[in-house]
Amino acid sequence: MVDFNFQQVPSNDAMETLRQEVRDFLAVEIGDRKPAERALSWAGHDAAFSRKVGERGWLGMTWPGRYCGHERSALERYVVLEEMLTAGAPVSAHWIADRQSGPLILRVGTEEQRQRYLPGIARGEIFFCAGLSEPDTGSDLASARTRAVETDAGWVVNGTKIWNTNGHRSHYMILFCRTDAPSSDARHSGFSQFIVDMSLPGIEVRPILDMAGEHHLNEIHFSDALLPKDALLGPKGSGWQQVISELAHERSGPERFLSSFPLLVELARALGDSPSAHAAASLGRLAGQVAVLRQMSLSVAGMLQRGEDPTVAAAIVKDLGAVLEQEVIEVARLLVATEPDLTGQDFAASLATTLLASPSFSLRGGAREILRGIIARGLNLR
Amino acid sequence: MVDFNFQQVPSNDAMETLRQEVRDFLAVEIGDRKPAERALSWAGHDAAFSRKVGERGWLGMTWPGRYCGHERSALERYVVLEEMLTAGAPVSAHWIADRQSGPLILRVGTEEQRQRYLPGIARGEIFFCAGLSEPDTGSDLASARTRAVETDAGWVVNGTKIWNTNGHRSHYMILFCRTDAPSSDARHSGFSQFIVDMSLPGIEVRPILDMAGEHHLNEIHFSDALLPKDALLGPKGSGWQQVISELAHERSGPERFLSSFPLLVELARALGDSPSAHAAASLGRLAGQVAVLRQMSLSVAGMLQRGEDPTVAAAIVKDLGAVLEQEVIEVARLLVATEPDLTGQDFAASLATTLLASPSFSLRGGAREILRGIIARGLNLR
Amino acid sequence: MSDDVTIMIRDMAERVFADHCDRQVLAAAAVGQWPGALWDAVESTGLTLALVSEEGGGAALPIAAALSLVDLAAEYAAPIPLAETMIAAWLLDRAGLPVPAGPLTFASFDGSADTLVAARVPWGRQAGIVALVDGALLLLDPEIADVAPGANVAGEPRDRVTIDDVAVSGVPSPITADDMRAIGAAIRTMQIAGGLKRATDMALQYAQDRVQFGKSLSKFQAIQQNLAVLATHTAVASMAATMARAALATGRLLPDVAIAKARAGEAAGAGAAIAHQVHGAIGFTLEHDLQFLTKRLWSWRDEFGNEAEWNLVYGQRIARAGADALWPAITAGA
Amino acid sequence: MSDDVTIMIRDMAERVFADHCDRQVLAAAAVGQWPGALWDAVESTGLTLALVSEEGGGAALPIAAALSLVDLAAEYAAPIPLAETMIAAWLLDRAGLPVPAGPLTFASFDGSADTLVAARVPWGRQAGIVALVDGALLLLDPEIADVAPGANVAGEPRDRVTIDDVAVSGVPSPITADDMRAIGAAIRTMQIAGGLKRATDMALQYAQDRVQFGKSLSKFQAIQQNLAVLATHTAVASMAATMARAALATGRLLPDVAIAKARAGEAAGAGAAIAHQVHGAIGFTLEHDLQFLTKRLWSWRDEFGNEAEWNLVYGQRIARAGADALWPAITAGA
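Protein chains in written order, with my numbering: chain A, 1 to 382; chain B, 1 to 382; chain C, 1 to 334; chain D, 1 to 334.
Calculated directly from the structure, the hints in this document are not laboratory data.
Treat the hints with caution; some may be incorrect.
Below, computed lysine-lysine pairings styled on DSS-like, alpha-carbon distance capped at 25 Å [as the list claims (entries may be wrong)]: (1) D/K219 to C/K219; (2) A/K52 to A/K34; (3) C/K215 to D/K215; (4) B/K34 to B/K52; (5) D/K215 to C/K219.
Footprint (simulated), chain B over chain D, 3 or more residues, beta carbon under 8 Å [said to hold, decoys possible]: (6) 11-23; (7) 224-234; (8) 307-313.
Have a look at the derived ranges for each label pair, beta carbon to beta carbon [unchecked claim]: (9) D/Q208 to A/D13: 15 to 23 Å; (10) D/W34 to C/A321: 26 to 34 Å; (11) C/T176 to D/T250: 52 to 60 Å; (12) C/V211 to D/V211: 26 to 34 Å; (13) B/G307 to D/P172: 27 to 35 Å; (14) B/E327 to D/G96: 46 to 54 Å.
Think of the CB as a built atom: it goes at the ideal place given N, C-alpha and C, for glycine as much as any other residue.
Given the sequences, and given the hints that come with them, work out the whole structure.
In structure tokens:
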């Protein structure tokens, strides 16, 4: 029986006060950003901006105070995220640390690891990247071959990671790799994760330019890189479980449907205050899709807050979100007869930037077939 | 490499003269049909109309003259079909005989069978139905269990056929059934086809009402029905090959994308001669889709005429056609804010009729996944 | 607390629907027969008066809890004006008018000074009509109403009601004709959510039961992907229904009802198409239950305004407010 | 006979493209470098003059045969104005003007009496511009043209050209500005067909080569279904390109060019999205060839009119003709 239980999450004063603070902050900090820059969405990288966000207490928001967290609710954190994303703020520098690495360290790290990394993340001073995919893995993460071998001196790592975001400007990586051969009945066994200091010898970061010609992605080679013993994150052999639960979190945020929101704003601007009936209805349709998806996404945040498993609900939000992000582009270009142009006027430049980013919309957080497979599993079909 | 080779088929004088003859005929014969009747498309049944079509020489058009065929080209036949379908003419009575049964008898029947059935079909006096699906087969025709056992007196048939169109008003059925057990390495072996006189004892026709409440479909039970020896069609054991090549033909015609064309005409009428820009563009888009798909479908007819295998190209036309037929409904209902109403005005009634028929659009000629599987096979993916 | 109430009344109602909404009742209703036993059973629970104040003889339940029955009735394709009756009774009660027994419906009348018309009034032939005429609300005297029967494609009565203007008078209405249309849109949104949920359950069940090429349909990857998309449409409609219920509860109908009806309407059509695709030929027959649901989905999405109408309402609001107000409007639900 | 010609010139051109359109050439062109060697090799085949009369020094090939090179060049993402040169040369020759050597392009100029402007002229900075000004056709003197460089998202030059009205004079043009836009739409339609064909081939190859979960991607049913849909879009674009070529050959541009550009434009976007989906992350990188094609598809679908523009042109024609003329119009191609 279908019962996904998306509940409406009412707002409260704390959330709305915070929302206004974030808006005021963004008006000052990025008020002069051009639409094409805003269209970069969470790919925009600005370390100084991230530090300021940290100063405001908007990183590590839900973490305990003893790690310089701010002990606020998942819903308050959600407010900060959605305000940043819809404004097209440059959140890339702190994004992975705040969203993935920090929560993971908090959950499975040693007390010493928590003390060492979390405060810097919360201050917006320490940036993380993730080392998951490998050249031959694709969606099949369990085929990863990068290997860490335990020696007296520490862990010796060899292998190659690919599609790494921000490795060239991050201080640390959470590395997923083999520490033991898989057992015969469980190919998902034998993986562990490590916190890797990116300045160590034996780590080479090679750029991969994306189709817009931008450098966000990297291929990273480990050649006998020696990690200290205490780089191991959580129990040895628990890497697979860590990643799986992390992916569920990764799929749940507002970044999963708001990537093209800045373009929607430019579309509204280009259409003006009295568009044709068709243009108005198209705008209303897209904005309505955002509004409903936002309720669903908030509902997922509510599940997280209550400690429920949001895997299937998050996959639904992500699948719908990827379709919507794509649709905004297609609707916008037909309503405003302007060719996409990176060096053009606001709308044309925003359109071009979003268009060139669009193939990534259905990649991030899982290809469409994978997401629908997760939903199908939630329906007990597999 | 993708190379489907859809070639443009130029028209010629013979085709255009014929087209005008058909239009003049239809203006007289069905000029007063209401939009909701036209929206029935090829489900409309009218034996008298079919006889008149036969009198005009528009059935068995491509067959040899010695069987009362008219030795015209596949493209001329195409002209007659498309004119009938777009006008919403009631072609159901003769449809299967002219399209499937007749050509099959011509191809694999004995000389005596040809002499006995083809002239009547070409005159629009003998109607056929097909007995393919069974309650448990679905798309997996090879799991059919109806069985014909050879005895001294003839073939004794037992089993049940379902989703049979027009069995209650057809003179004959082409019956697909088992005559031998499958060989261990080929579950498609051991099938044969028969020409079944529907008036024989042991054949019970039970109506299945479709969701519009109409009786077109039947479930047909064979209880020791005795067929004469010469009911066997083609060599014993060749049933599977016959059906497969027949299905390819069945997927190729203009009926595969024109089912909702009568509604498109009513949409144009409802919008009038100066619609809004959006309504005009939507109308232009749908009509343009019809125009391109018609060229592709004509191209398939050209392949048939040249004796080429149209399987993949026909699957493409059918897949696109099913999407288009559905899309016409969705576009129409949003452009004309009228609730579908079977007893309402022209547009509302045409909309309701087409809507209630719409689930069949993606069934006839193969479910969508099956069609896309055929295309994938044409791409050497399977 | 409200959750407990919801569970309690849903359990009560579900027993009635499960007992009475069988294929025979639905098939008879589809050709115009009034399901008297079903109606009587529902009315005897008192749920039809759930929104009426205690002084008015009702249960005064919270709106969100009470209206969760609307989805549920739709899951069973219950061929009675339950939602219409609940709303009509609530309108009467709020206007200080007494609420009669029996089925009710509501309609806004329009026309010339002489003759007022309401088109496609749900169950206009059987139900007492709470009418909005010239800013006044009243329970229409059936004697003065001329009812021409009609139906949607599911066979639910949608009647044309004509009255003589001079013959009516009522109390000042707390709601406008636009409000009434939005309220209608809100209940159809909830019904779509319920209908889609059941259609999805049926498709899931069918895919698991049906074997083809030696394995269950549900094991084919293409079918799984289709079912995942279907479930996604259902989730959207369900969220939309929740938004519509909340809008009725707060009394601020727009923009959420506009957003909700448009999104649910789109999900209804797309979802119905997939449910039929998964079912194949069997779902296309009159004897299969799927058609009770899909015909309703195809009707409900157009009633009280289709997607184009409500998208336009919302789109014009946000266009007027300007591009920089777009996100604030979404977070404020304004 | 025409088929033989087509095969011959396609073979000749394909050798040139295969030799010269490698990743380095395409990458350099995308940042503004003129691929001189490629151009010289193409021009030396004489194919740029395929549509020019024999008296004019050309090959006077049938239009459909000659323009089959447009798709082919697009398959290789050849970053030169081959189609523009062929068309511009043909326009000059038909107007009785001599055809110069080197790349050509064409543009219709608009503006005030003083200053005339053509926006987004393909290769305006490198090519001789066949200009339509006030109903007159001429080869623009580069001295009097002011060229502001621009580019589409694939990096193909799309330049803004400004001229002084009084400085130009030409011969009466056999074609109008509308015709010129339709001709441009026709060649972009053919390019889309070629680009989609190659993108599809690449996706098929990738799906067959790439192994995941122990089997080739192409063996997953969901991927097969996606590839089937991609191939279907390619088939539609290819049919549209054939219609556009035929329309140029007959000289009756509308409605077929309008239909063709709109259909191909829609296929371009949908097809590019699937090609990227199949390729996953690798297709999103600058070092993979897919982006040379998809960026062009995203550009070409908007150039010389997007789907909305051409659907409107066709839709208004058929609306004016009336509902009962709809089918006759489709069969007459009118």
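To see whether the hints hold, each was checked on the structure:
1. With a CA separation close to 15 Å, the supplied pair D/K219 and C/K219 stays within the 25 Å bound.
2. Between the alpha carbons of A/K52 and A/K34 the distance comes to roughly 20 Å, so the proposed pair stays at or under 25 Å and holds.
3. A threshold of 25 Å between alpha carbons decides the hint, and for C/K215 with D/K215 the separation of about 21 Å falls inside it, so the pair holds.
4. At most 25 Å may separate the alpha-carbon atoms for a hinted pair to count; B/K34 and B/K52 meet this at roughly 20 Å.
5. A C-alpha spacing of about 18 Å is found between D/K215 and C/K219, which places the hinted pair at or below 25 Å, so the restraint holds.
6. Residues of the segment 11-23 of chain D with a Cβ under 8 Å from some Cβ of chain B number 0, which does not satisfy the need for three, so the listed coverage is violated.
7. Proximity of the segment 224-234 of chain D to chain B, defined as three or more residues with a beta carbon under 8 Å from a beta carbon of that chain, is established by the 8 residues found.
8. Under the rule that three or more residues need a Cβ within less than 8 Å of chain B, the assignment of the segment 307-313 of chain D holds, with 6 such residues.
9. Distance hint check: the CB atoms of D/Q208 and A/D13 are about 58 Å apart, inconsistent with the given range 15 to 23 Å.
10. Taking the beta carbon of each, D/W34 and C/A321 are about 48 Å apart, not inside 26 to 34 Å as hinted.
11. Checked against the given bound of 52 to 60 Å, the beta carbons of C/T176 and D/T250, roughly 59 Å apart, stay inside it.
12. The beta-carbon spacing between C/V211 and D/V211, approximately 31 Å, falls within the hinted interval of 26 to 34 Å.
13. Checking the proposed 27 to 35 Å range against B/G307 and D/P172 shows it is violated: the Cβ atoms sit about 51 Å from each other.
14. In this structure, B/E327 and D/G96 meet the distance hint of 46 to 54 Å, their C-beta atoms being roughly 48 Å apart.
Consistency with the previously given hints fails for numbers 6, 9, 10 and 13, ordered from lowest to highest.
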